[in-house]
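These protein sequence lines are chains A and B, in that order. Using our numbering, read the first sequence as starting at 16 and increasing by one per residue. Using our numbering, read the second sequence as starting at 16 and increasing by one per residue.
These are calculated hints, taken from the structure and not from any lab test. Watch out, some of these pointers could steer you wrong.
If several chains are the same, the list does not tell them apart, and a pair holds so long as it fits within one copy or across any two.
Mimicking EDC-like on lysine to aspartate or glutamate, the simulated pairs with C-alpha atoms at most 20 Å apart in a straight line are [claimed, not checked]:
| hint | residue 1 | residue 2 |
| --- | --- | --- |
| 1 | 312 | 280 |
| 2 | 206 | 193 |
| 3 | 69 | 293 |
| 4 | 131 | 53 |
| 5 | 312 | 184 |
| 6 | 91 | 245 |
| 7 | 99 | 299 |
| 8 | 20 | 215 |
| 9 | 312 | 39 |
| 10 | 20 | 168 |
| 11 | 180 | 25 |
Protein chains: 2
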Amino acid sequence: MADLKDRFVDFIRGLQDEICQAIEELDGLATFQEDLWDRPGGGGGRSRVLSNGKVFEKAGVSTSIVHGEMPEALKKNMKTEGSKFFACGISLVIHPENPMAPTTHANFRFFEMYDKNDTIIDAWFGGGSDLTPYYLFEEDAIHFHAEQKKAADKHDSALYPRFKKACDDYFRNHHRDEGRGIGGTFFDYCKANENHSLEDWYNFTTDMGKSFLPSYLPIVAKRKDQSYTDDQRYWQELRRGRYVEFNLVHDRGTLFGLRTNGRTESILMSLPPRVRWDYNVQVEEGSPEAELIAVLKEPKNWLN
Amino acid sequence: MADLKDRFVDFIRGLQDEICQAIEELDGLATFQEDLWDRPGGGGGRSRVLSNGKVFEKAGVSTSIVHGEMPEALKKNMKTEGSKFFACGISLVIHPENPMAPTTHANFRFFEMYDKNDTIIDAWFGGGSDLTPYYLFEEDAIHFHAEQKKAADKHDSALYPRFKKACDDYFRNHHRDEGRGIGGTFFDYCKANENHSLEDWYNFTTDMGKSFLPSYLPIVAKRKDQSYTDDQRYWQELRRGRYVEFNLVHDRGTLFGLRTNGRTESILMSLPPRVRWDYNVQVEEGSPEAELIAVLKEPKNWLN
């Protein structure tokens, strides 16, 4: 059987194709534009972006497979003496046009570290999927979480609750005391331990990857033709501002990428296309906007 | 004569009134909305925002006067053992509607630190004004810098070149290898030394404050009715995305404020109202857009 690393590379490439195809099919108008890029220190990536579709205003679905000497910033960041690394992953952010359809983000990744003699000294998986609605439809939140739980439960029923909480904790705009969205799953540093081998984590991560489309796409299919007003579109653009705030102020991956000369256009592919900031906008008590804010303030267990 | 601290408080309050009045007059339609706020640890502020004017799409002009126990984060940030502090300043960001008119930012501030016995152990002034055009008009850049230089030269002809360079260095989107704009002046930690007393720095900082309106307003007056296309408006919104990137990724004041529970709406008042991010937009060689990028890549000495 092929190396776990090689199998995961095949997996993310296949998943990228599958997700792009499904997005294009549901959109029915726009197609992905592809950019291949090389990383000076080793490896490269395949960035794909779809813009101004009928359903999707902007969708970025990228893979990168990079390796080489451990950059100094990475050593410091990870507090490690590792000498070389290999990292690969798929990362996506999808912004539908219709404010009734939620934005989503997902990524699935593998990291391996080597000593001077090219011996593996550490390896782990990470990833997750999360949902950022502009208007709250409880059934959509429940559907998304139920699909995430179903995929996780195949491996260990302790994982969904743990990674659901990690997602709420991580995707938080602390300066607003608000969640970025209504959560999903977030896992990192999944290493071989007494309960799970690295092969187990491979199986878990690929299953979570496969669960992305069934978690998200049916929600967009249901919401894409729902009517909306200019005020609702305005609200979506304001909330997209919060999305930008999280990604630029708090997201570790984005900041690390920007500070270590990553490919800026691929890193910031995640940012929404049209965004607004107005001063101190207040929502009306009892309004759908206030209802959204309430669940962002206080994360909810959707499956109880 | 009143305490330097009290005189500076009076100065920034008066300057806030003067600038708001001049902005309203030039706008001719919208007026500033004022919010007074208290800081839990001591002091407070006066935030003023004008929105959706005829000339100005968004303008925020705020003063804050805060004091109290040194927050732990501030001690760490400043590597000091000071026990109490006093800080006051005026801060403004102005985003005109017309893409031919530049965005501007300015702030002027004073900081004083005390030991346990309320003895002053350190004190300094800081501030500056800078310009962020969407289209480059050399005469505007020269006017802005000439006014800044004229005000600085009254005190010491070494200051403009030093603070002009500090401005280029500070307002840089390192991840894009671009300046945020075409510069101006930036000064900080201006303390009593062998060349200048603290009173000298008071005089310098207030003169730089007074030079803001003559530096900026004539440029907007000249550009506000210039015609523009949808494509030029699109370019302005894209470039505003860069403004957001600087403020959220690099600006020390913004990040420090967000991380220490400052008033988020007052801190992020600086963000432009309508913003876009599109993937990997390229400019045409020899176009006005390319001409702007060229001077952002390589800061220029406008007064040579």
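Practice task
Identify every previously stated hint that the structure contradicts and give their numbers, smallest first.
Solution key: 2, 4, 6, 7, 9, 10, 11
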